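**Student:** Residue-level listing of the chains:
Protein chains: 2
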Amino acid sequence: MSNMKTEPEMDWSQLFASRTALMTPSALRELLKVTSRAEVISFAGGLPAAELFPVPRFKSALAAVLDQHGGKSLQYSITEGLPELRDWIALRFSTPRLRIAHENVLITSGAQQALSLLGRILFEKGDRVIVENPTYLALLSAWRPTGVEFMPALCDARGLRVEKCRPLMKRKPKAIYCVPNFQNPLGATMSLPRRKKLAALARAHSMAIIEDNPYGELRYSGRALPNLLELDAPERPGSDFSSRVIYAGTFSKVLAPGLRVGWVIASKPVIEKLALAKQAADLQTSTLNQYLALELVRQGFLEDFIPVLRRHYGQRRDAMLEALDRYFPKSARWTKPDGGVFLWVTLPPGADSGHLLEAALNEGVAFVPGGEFHLNGEGKNTMRLNFSNMPPARIEEGIKKLGGLLRRGVNSIS
Amino acid sequence: MSNMKTEPEMDWSQLFASRTALMTPSALRELLKVTSRAEVISFAGGLPAAELFPVPRFKSALAAVLDQHGGKSLQYSITEGLPELRDWIALRFSTPRLRIAHENVLITSGAQQALSLLGRILFEKGDRVIVENPTYLALLSAWRPTGVEFMPALCDARGLRVEKCRPLMKRKPKAIYCVPNFQNPLGATMSLPRRKKLAALARAHSMAIIEDNPYGELRYSGRALPNLLELDAPERPGSDFSSRVIYAGTFSKVLAPGLRVGWVIASKPVIEKLALAKQAADLQTSTLNQYLALELVRQGFLEDFIPVLRRHYGQRRDAMLEALDRYFPKSARWTKPDGGVFLWVTLPPGADSGHLLEAALNEGVAFVPGGEFHLNGEGKNTMRLNFSNMPPARIEEGIKKLGGLLRRGVNSIS
Chain A
1 MSNMKTEPEM
11 DWSQLFASRT
21 ALMTPSALRE
31 LLKVTSRAEV
41 ISFAGGLPAA
51 ELFPVPRFKS
61 ALAAVLDQHG
71 GKSLQYSITE
81 GLPELRDWIA
91 LRFSTPRLRI
101 AHENVLITSG
111 AQQALSLLGR
121 ILFEKGDRVI
131 VENPTYLALL
141 SAWRPTGVEF
151 MPALCDARGL
161 RVEKCRPLMK
171 RKPKAIYCVP
181 NFQNPLGATM
191 SLPRRKKLAA
201 LARAHSMAII
211 EDNPYGELRY
221 SGRALPNLLE
231 LDAPERPGSD
241 FSSRVIYAGT
251 FSKVLAPGLR
261 VGWVIASKPV
271 IEKLALAKQA
281 ADLQTSTLNQ
291 YLALELVRQG
301 FLEDFIPVLR
311 RHYGQRRDAM
321 LEALDRYFPK
331 SARWTKPDGG
341 VFLWVTLPPG
351 ADSGHLLEAA
361 LNEGVAFVPG
371 GEFHLNGEGK
381 NTMRLNFSNM
391 PPARIEEGIK
401 KLGGLLRRGV
411 NSIS
Chain B
1 MSNMKTEPEM
11 DWSQLFASRT
21 ALMTPSALRE
31 LLKVTSRAEV
41 ISFAGGLPAA
51 ELFPVPRFKS
61 ALAAVLDQHG
71 GKSLQYSITE
81 GLPELRDWIA
91 LRFSTPRLRI
101 AHENVLITSG
111 AQQALSLLGR
121 ILFEKGDRVI
131 VENPTYLALL
141 SAWRPTGVEF
151 MPALCDARGL
161 RVEKCRPLMK
171 RKPKAIYCVP
181 NFQNPLGATM
191 SLPRRKKLAA
201 LARAHSMAII
211 EDNPYGELRY
221 SGRALPNLLE
231 LDAPERPGSD
241 FSSRVIYAGT
251 FSKVLAPGLR
261 VGWVIASKPV
271 IEKLALAKQA
281 ADLQTSTLNQ
291 YLALELVRQG
301 FLEDFIPVLR
311 RHYGQRRDAM
321 LEALDRYFPK
331 SARWTKPDGG
341 VFLWVTLPPG
351 ADSGHLLEAA
361 LNEGVAFVPG
371 GEFHLNGEGK
381 NTMRLNFSNM
391 PPARIEEGIK
401 KLGGLLRRGV
411 NSIS
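Here the protein sequences come in this chain order: A and B. Counting along the first sequence from 1, when you hit position 375 you're at 375 in our numbering, and nothing is skipped either side. Counting along the second sequence from 1, when you hit position 291 you're at 291 in our numbering, and nothing is skipped either side.
Same shape as in the complex, but just chain A (with noise of 0.2 Å):
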C-alpha cells in the first residue's frame, strides 16, 4: 500500500447506540476543570477534606492487611463482597427491629455504583422514577440512559413534600429516589413525620423506595432521625428481613473516597439480581479495598475519625453561614443544614447564577448554578455551596468576593 493512500476515518458516530446519545458532556464540567488548581477557591465540588485523612493510619492498616491475608488481599474475591465486611455491614445497620443478614448486603464501587446497578435491573423505557427537585447530578446521568421518566417531587427545608407526591401516584412510578439526610443540593433534611409518611405512602402503592445515604454520619447539629430503611421494617421484631427500601452507603465521605467501596442493603431478590449485574459491570470491587475499609472500622477508625469530621465540617459550615450573614445581599436566602457538604443559595427571581460563575471564577471562586440539579429548567436564579472542601479563612475570602459580584450588580440584584 501506498503511503499517499488516505483510509477514511471511521464514523463512530454510526456505531454508537441511541441511548448513548443521552450521554453529553457537560459544559459545566468542562469549565469547572480549572477548579482542581490550587489557587481556586472551589465550593463546586462534593469533595472531602483530604487533609483531615489520617495518612498514617491508613499506612499501617494497608501493612496489617497485607501483613494477615497476604496475597488473598490481591487475588480475585466473590462477586457480592468480602463475606467479613458483608456482616460487619449487617450487624452494624441491625436493630431490634430490623434484622439485616449478610445476604442483604452487596459491596459495591461507591454508592454510584449502587445507583447505576439498580437504575440497570429496574428501569427501561415507559418506567417513571419519582425524584426530588433539584436532586444527585450523576443519578440522572446513572438512570438517564435506561429510557425511564423523571417524575420530579416538590422540596423544601424539612426536604421532600411528600404530600405533593400523592398525586404522582396515578402514574405508578415504580420507585422513588431520595437523599433524607443533608440532601444534595440543598442539604435539607426529611423530617420524622415526612419519613413515615412516605414510608407508609410506599407500602400503599407498592413502591420502592431508593434511599441514598452518603451524608448521614455528618451531623453537626440537631438529633439524628431514623432511616427509612429502619421505619419501614417489619412490624414483628426478630422477622426475617423483607423491606421495599434499597439502602445505598457509602464509605466515601467516612472514610475516603479513593477507595470506591460502597454498598447496598436491600431484599434478598433485589441483591441476588444486583450481583448478577455487577458481575456483569466489573466482577467485583477491589479486594484490597474492601480489606483495608474492614481493618478500619475493626480497628475503630470511624468512631475516632467521624468526631473530627463534625467538628471541622460543623466549623466549615458555621464559617461559611457567617460569611453569608455578612456578605451576601438581603435578597438572598440559604439553606442552613444540620450537617453534609453542601448548602444552597437562592438569589431572587430573574438572577442568573450561570452568569455569575463566570464572573466568579474570573475571581479564582467556583461553584455549582443551580439550574443543572434541576430537571424542568427551574432554578437558574440558584447555586449549590460545599463548605467541606476549604478552609474556614477561604470559606470567608470566597463568599465575600462572591457577595461582592453580586452587590456590584453581576445579577442586577444589589
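Please keep in mind that the hints were generated in silico from the structure rather than gathered at the bench. Mixed in with the good hints there might be a few duds.
[As the list claims (entries may be wrong)] Result set (PhoX-like, lysine-lysine): computed pairs, CA atoms no more than 20 Å apart in a straight line:
hint : chain 1 : residue 1 : chain 2 : residue 2
1    : B       : Lys59     : A       : Lys72
2    : B       : Lys196    : B       : Lys174
3    : A       : Lys59     : B       : Lys59
The structure displayed is predicted, hence computed values, not measured ones.
On the provided structure of chain A, position chain B as indicated by the hints.
**Tutor:** Just chain B, lined up with the frame of chain A:
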C-alpha cells in the same frame, strides 16, 4: 398497628426491568462455589497464583504512595484516570507507526468494566456483534442485556477463522469481539496472517474490532505477534491515533486482580463516550489502586514479575500437558497453548463433561464444562482447564483423577 397484621411481601419480580430477566444465575456458579475450599484441586477459575505475588513489594509500594501523595491518593480523582498512568499506558503501547496520546486512554475498574461500558455505548436491540465461539463467559453476560445479537464465529487451533466471518458481513455486524492471544477458553492464538485478514475485513466493512488482551504478556513459547491495534495503525507514521480497534487491557494478570485496574485504548470519540458512561457507572477507578499500579510499573515491577509468571505458569502448562498425555484416554484431544492460563479438552462426541464434573467434584477436582462458553448449545463434550492456579504436583494429581474417571467410563468413552 397489631403484631398480628402481616404486611404483604413486596413482589420484586413485578418491579424488575425486562432486561433483568436475561440476568440469571448459572447453576454452574453455585456448583463451583466449592472450589474456594483449599482442599479442592481447581482447574475452574482463571485465577493467578496468589502465592507468587511479591507481597512485600506491594506493601512498600503502598507505603511509598502514601508518603509521596498523602491524602491525594485517598481523594476523588478524575473519571478518565490518573494522568500519569494514562501517559504511561499511552507510551507503552505506542510504536513508530502508532502514536497513542493520553486522550486515547481510559482507566477502568478492570478489563471487565471496559467490556461492560463498551456494550453500553455500542449496542442495542437490532444490533449484531461477532464473537468467537466458544468465547469469554462474562462478556456474554455483560452484553446480553443490551439486546445485541451474538453471531458466533468458528475457531480452531490458530484462533478465529477469519474466512468464515465473510458471509456474516451481509448482516452488518457493528463489531467483532476477540481475544487474539491465548484465548479464553480455547487457549488458541490467532496467527499473523489471520490478524492481517481480520484488520482488512473490518476496514472493508466499517466494523469495529474489540481486542481483549488480558493474557498477552503471559507467553511461554513461540514468538509474540503484533496486536490488532498495531496492525490497524494508520499507514503514515507519526499521524494521530485513529483506529477501528478498541483495545482492552488490564493489570489483573501481570500485577494483581484484586486491584481492579484495567484500561481501554481507542479513538477519542470512543474514549469520550466511555468516560461519560464510566462516570455514571462508578465515577472513577480507585485513586489509591491507580497510584499503586503507577508506583509499581515505575519501579520496574513488570520487568521483574512477568518473567517469574512465565517461568511458573509455563511449568504448570507443561505439567498439565504431560499429565493429559499420561492419564487421559487416547480418544480425548486438547489444545497446546503458547501462553495464558487455559487449555481446552475435547472428549469424543457423545461425552458429557457436565456429568464428568459431578463425579469430579466428588473426588475434589473442579473444572468448567465447555458447553457454558458456547452460544448455540454445542460443546457438551468439551471442558476448560485452568493451569495457573495450582502447583505442578496438584495439577498431575487432578488430571490423574479426571483421567481415572474417564477411563472408568463416567462418559462411556474409555
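**Student:** Please write out, lowest number first, the hints stated earlier that are contradicted by the structure.
**Tutor:** Nothing - there is no hint that the structure violates, so all of them hold.
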